[in-house]
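Peer 1: Quick note, the sequences are listed as chains H and B, same order. For the first sequence, the numbering used here assigns the number 166 to the last residue and increments by one with no breaks. For the second sequence, the numbering used here assigns the number 166 to the last residue and increments by one with no breaks.
These aren't lab readings, by the way, just hints derived from the structure by calculation. Fair warning: this is a prediction, and the values are worked out from it, not measured in the lab. Treat the hints with care, since some could be wrong.
[To be verified] Some chain B residues judged to face chain H by a derived CB distance under 7 Å, without partners named: (1) R47; (2) Q51; (3) C66; (4) W72; (5) P87; (6) G91; (7) A92; (8) Q95; (9) S96; (10) L116; (11) L119; (12) R124.
All C-beta atoms, glycine included, are put in the ideal place defined by N, C-alpha and C.
Take a look at the letters that make up each chain.
Protein chains: 2
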Amino acid sequence: MDVLEMDRNFMQIAIEEAKKAGAIGEVPIGAVIVKDGEVIARAHNLRETTQNAVTHAELSAIQDACKEVGSWRLEETTLYVTLEPCPMCAGAILQSRIPRVVYGARDPKGGCVDSLYHLLNDSRFNHECEVAEGVMADECGDMLSSFFRSLREKKKEQKKAMRDMN
Amino acid sequence: MDVLEMDRNFMQIAIEEAKKAGAIGEVPIGAVIVKDGEVIARAHNLRETTQNAVTHAELSAIQDACKEVGSWRLEETTLYVTLEPCPMCAGAILQSRIPRVVYGARDPKGGCVDSLYHLLNDSRFNHECEVAEGVMADECGDMLSSFFRSLREKKKEQKKAMRDMN
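Please model the entire structure based on the sequences and the hints provided.
Peer 2: Shown next, in the form of structure tokens:
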């Protein structure tokens, strides 16, 4: 199995995580951490459910992976995430010394790996990552677009129902 | 009580938190979140104790504060922290919509509020913060300097003891 095929296989698991989020009304973003070819942590965005601002997919996966390996250093791991990380999650990737990050879709409004900043490749920090982007980007991005489209439609329907009631 | 006096009072509590970290061999950094003049969360760095990469003072305080107010939005709060936040913690501040951040010492190697980046004041993100820096900066910085000095001395003594044994 070549690297791209392996990356697509693990991104598929991150996509499944994202779908779990979407199914309960959370923005569909999922993440997986892999070590020695095995998934050691998988998580999805749970911000609304938990009402905890830091429960992004990557941050939860990083915490679970630290527990799994018994160390805050996640050496020899790869993190897969469906959307380009925000500053908090990019920072958590640096803090946990994850050496390789693979993400699906770019986030032009908040992404801090390629879009707004290059936080994972700044030699002034004490850690830098290898980054691969665009793995299954269409699948990852389409999940988000259709989630927000359906959210807008629901809001429109609610407004209409309110108008009809008055 | 004017703002500076209030800020010094709450920073003093953050310093007490930092000292709790230092007392158990953790890098001495402390944080406090205040709402309506009351401390709603206080935490210190626990990375070595927990072996969890994300247990920085700010991130733990933010999670506790979310639990306290029952929302991921920490509106009308101020976060006090002894050291300039790293990218992860600056990102968590943005994610939790904290409107005001007061920090003590600058971190020229990793600080992302003024030193390396200005993550809390980037209009491209969906949130910006009011920032006050330098409150009790000497006390905050001295704790860190003396912590690292004593760490270096311990290491030197250990090396000497090893040499004497051989």
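Peer 1: Are the hints correct? Go through all of them and say.
Peer 2: Hint check:
no., hint, verdict
1, R47, "holds, 5 Å"
2, Q51, "holds, 5 Å"
3, C66, "holds, 5 Å"
4, W72, "holds, 4 Å"
5, P87, "holds, 3 Å"
6, G91, "holds, 3 Å"
7, A92, "holds, 5 Å"
8, Q95, "holds, 5 Å"
9, S96, "holds, 4 Å"
10, L116, "holds, 6 Å"
11, L119, "holds, 6 Å"
12, R124, "holds, 6 Å"
Hint compliance for this structure: no hint is broken.
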